[in-house]
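**Q** One line per chain: the protein sequences are G and E, in this order. Residue numbers for the first sequence follow UniProt numbering, so the first one is 1 and each next one is one higher. Residue numbers for the second sequence follow UniProt numbering, so the first one is 1 and each next one is one higher.
The set of hints was computed from the structure by calculation and includes no laboratory data. Please note that the accuracy of each hint is not assured.
For identical chains, the list gives no copy identity; a pair is met inside one copy or between any two copies.
[Stated by the list, open to error] List of simulated lysine-lysine pairs, DSS-like, C-alpha gap at most 27 Å: (1) Lys92 - Lys223; (2) Lys381 - Lys206; (3) Lys26 - Lys195; (4) Lys135 - Lys26; (5) Lys341 - Lys195; (6) Lys92 - Lys341; (7) Lys362 - Lys286.
2 protein chains.
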Amino acid sequence: MSNSDRTGRPRVVVIGGGFGGVRAAKALGHADVDVTLVDRTNHHLFQPLLYQVATGILSPGLIAPALRRVVKKERNIRTLLAEVVDIDVHGKVVHAATPSADQLDLPYDYLVVAGGATHAYFGHPEWAEHAPGMKSIEDARMLRSQILGAYELAELATDEKEREAYLTFVVVGAGPTGVEITGQLAELAQYVLPKEYRSIDTRQAKIILLDAAPSVLPPFAPKLQRYTQRQLEKMGVEVRLNTAATDMDSEAITVKGPRGEERIIARTKIWAAGVQASPLAAVLAKATGTETDRAGRLAVDPDCSLPGAEGVYAIGDMVTTVDRLPGVAQVAMQQGTYVGKQIANRVKGDHTTPAPFKYFDKGSMATIGARQAVADAMGFKVTGWVAYLLWCYVHIMFLIGWGNRLGTLYNWVRSLRYARNRGHRLISMTGAQEIAERHEAA
Amino acid sequence: MSNSDRTGRPRVVVIGGGFGGVRAAKALGHADVDVTLVDRTNHHLFQPLLYQVATGILSPGLIAPALRRVVKKERNIRTLLAEVVDIDVHGKVVHAATPSADQLDLPYDYLVVAGGATHAYFGHPEWAEHAPGMKSIEDARMLRSQILGAYELAELATDEKEREAYLTFVVVGAGPTGVEITGQLAELAQYVLPKEYRSIDTRQAKIILLDAAPSVLPPFAPKLQRYTQRQLEKMGVEVRLNTAATDMDSEAITVKGPRGEERIIARTKIWAAGVQASPLAAVLAKATGTETDRAGRLAVDPDCSLPGAEGVYAIGDMVTTVDRLPGVAQVAMQQGTYVGKQIANRVKGDHTTPAPFKYFDKGSMATIGARQAVADAMGFKVTGWVAYLLWCYVHIMFLIGWGNRLGTLYNWVRSLRYARNRGHRLISMTGAQEIAERHEAA
Chain G
1 MSNSDRTGRP RVVVIGGGFG GVRAAKALGH ADVDVTLVDR TNHHLFQPLL YQVATGILSP
61 GLIAPALRRV VKKERNIRTL LAEVVDIDVH GKVVHAATPS ADQLDLPYDY LVVAGGATHA
121 YFGHPEWAEH APGMKSIEDA RMLRSQILGA YELAELATDE KEREAYLTFV VVGAGPTGVE
181 ITGQLAELAQ YVLPKEYRSI DTRQAKIILL DAAPSVLPPF APKLQRYTQR QLEKMGVEVR
241 LNTAATDMDS EAITVKGPRG EERIIARTKI WAAGVQASPL AAVLAKATGT ETDRAGRLAV
301 DPDCSLPGAE GVYAIGDMVT TVDRLPGVAQ VAMQQGTYVG KQIANRVKGD HTTPAPFKYF
361 DKGSMATIGA RQAVADAMGF KVTGWVAYLL WCYVHIMFLI GWGNRLGTLY NWVRSLRYAR
421 NRGHRLISMT GAQEIAERHE AA
Chain E
1 MSNSDRTGRP RVVVIGGGFG GVRAAKALGH ADVDVTLVDR TNHHLFQPLL YQVATGILSP
61 GLIAPALRRV VKKERNIRTL LAEVVDIDVH GKVVHAATPS ADQLDLPYDY LVVAGGATHA
121 YFGHPEWAEH APGMKSIEDA RMLRSQILGA YELAELATDE KEREAYLTFV VVGAGPTGVE
181 ITGQLAELAQ YVLPKEYRSI DTRQAKIILL DAAPSVLPPF APKLQRYTQR QLEKMGVEVR
241 LNTAATDMDS EAITVKGPRG EERIIARTKI WAAGVQASPL AAVLAKATGT ETDRAGRLAV
301 DPDCSLPGAE GVYAIGDMVT TVDRLPGVAQ VAMQQGTYVG KQIANRVKGD HTTPAPFKYF
361 DKGSMATIGA RQAVADAMGF KVTGWVAYLL WCYVHIMFLI GWGNRLGTLY NWVRSLRYAR
421 NRGHRLISMT GAQEIAERHE AA
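Whenever a hint applies, use it, and build me the whole structure from the sequences.
**A** Structure below.
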């Protein structure tokens, strides 16, 4: 199967429908090119809110609109559901596989690779089955089943030790994602679930957040780090710093910290620590004779182009630049727009060397739970509910589509403390069984 | 594992958290009894709106609130996530299996069995894999992946015949569920998807609704049947009556009707025809030495009690009564309340023979799509948007919780024709692959 030459116009292939890929494609929406946007899912995922799907606040659809709807108005963009398996940078063809396992060849004049990143388990890939992370809607749904399933199993448990094992939750990694999911775990245990159970007191659940670093939220200002830790502790979270995971099995996690090594019996472990670039980074590195870094990322030129591969750009979490930008949505989005505009200019005949990509840091923020947040932006350091409102505003506005914005806002109101509800708490028996099987295996 | 005697009060076990089970449990919320509500899912499912999950209008959470939240205020009801495997009506014990495969024994003084129904394929269980039905959230999600996945695969197809096969949808069964999902398939093809695809014209999709009966919506008034058929045909649906499915494979469905036998090439087949009572009906029939009917239903006495099993009641889709009530939510709900009250009376010492259960028929309604519906209630026969508004009102009010009511209303507004959106369109690669594999297998 081959990409028929639709119009004779330059062909741009964009791999990945995340923050970077969508911005790149949209920046080409009015250019005289044919754009093909390829993704292995049918949706554009707003990853920063995945933890709210995992804890029942949001329904998956609100943060994952159909990709082809996102680019519906750009008539020169077509969207294809397929998984890229190889990139031939010399022949200028992307090889993909369709869901029906047909081969799909996509010749390009320009290529934008925005493959993102997955979890990294620091050389312990076997931990993945014990401590799932959150990168896809499926991950978040499974995590939701495991978290809520743990309470169901605790309610059924007849043995006190077993009950405690189900009611202990360990989050590894105290960056924004780790802090945010920990805060929601505490809200579930303290405010949402207590009155729904008869045999257990969900407020007795033990929630532990650990990080090898000496503070939570490493990239934030020390004042905000201290505030965050204090708030989490007020919510009953045990924050363990300078503490690393050293081993893990279905039953427990072994950690090493200031108190020495300790085995914590906990059925639910959540991974929010390392990330690893998409395997496409390695594919491109091999094709151009370069190497990826420790996190599997590809080095690109200051204009995000890939040395040794004509017309190829790589952006987002899968690349590193000389200025070592953080792996956040803002960087990918700005790089996407930058690369899209650059291609549009080149198609128009402008072949001057573009100004290097420059990241405009709009700041960082994280919610803590119980309507608290921290924001570190433009020199201001804000905490409490002011930061929380700021966080809400920014995240709502970055969602795509007013329908999703209003729907998300609505669910946030529903989750407020007086309502004490989480509207989206479906669990699959499989998820509950997975938690249970860990127990069986142990 | 055994059910510890919590208070010494009479123990009521309710099996099934559907319409019947929840009503029965709630009717006992103020009685001097300990109620145990057992379900193999953690949610109370509002089945009449499942087709809206399958077609992307509603998120699953809106029609499936957590069961234990539904009975949160009734402090004498505990909810357990487990699957009932056997019922010992002589020893008065329910045997269940927890997600961790532990055995759970629930002794009872009174038992309410409300196990519902599943699909029936008229002696062709092998059709289940080709023509999925809708009874659970998982069913609806999988169907959504298959319906939207079919369009994705049509967009990728290079062969015209293959494309047509993906763009042909056959719904078997023209009762309310069949009519409602057919209407939504037509809306997707005609109004929602056209502008999102580049290689296919989704308006060319062929949508066929077939039924062995001579009219659509068999239980409705002839005037409403004719109106419904006309509206569906206006939306491009091919309605084939007096037509039955005779064979099915991954590639096609064979039907027999007035035009003789015909093999229709269609990748997506949806089953909305027969239902089969929960296997618990057979368990109870065997235990009491009776037999189930052709649809696997159990015969109960006029007071919904089971002859030959002391203290056991069975209600809803899994039973038949002398007055042959339809298998609808209203019947199950009314029977649930009736049985709950009866048990409450008996516990208070009132052992007089209760008045037989009497069904109060509030009428039937069905949406057709494009803001059209039919309603046949209290002697009134209403069509068009008036019926549609009535339908909306009734269905919103029967949802549990204001949060879900408002959320559902919001998604209905989003799905209106001017917005032409469906907010919840996530598909899993597995769903798309399942459709594709049918093609491979063929």
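**Q** Failing hints, ascending?
**A** Going through the list in order, the structure violates hints 1, 2, 7 and respects the others.
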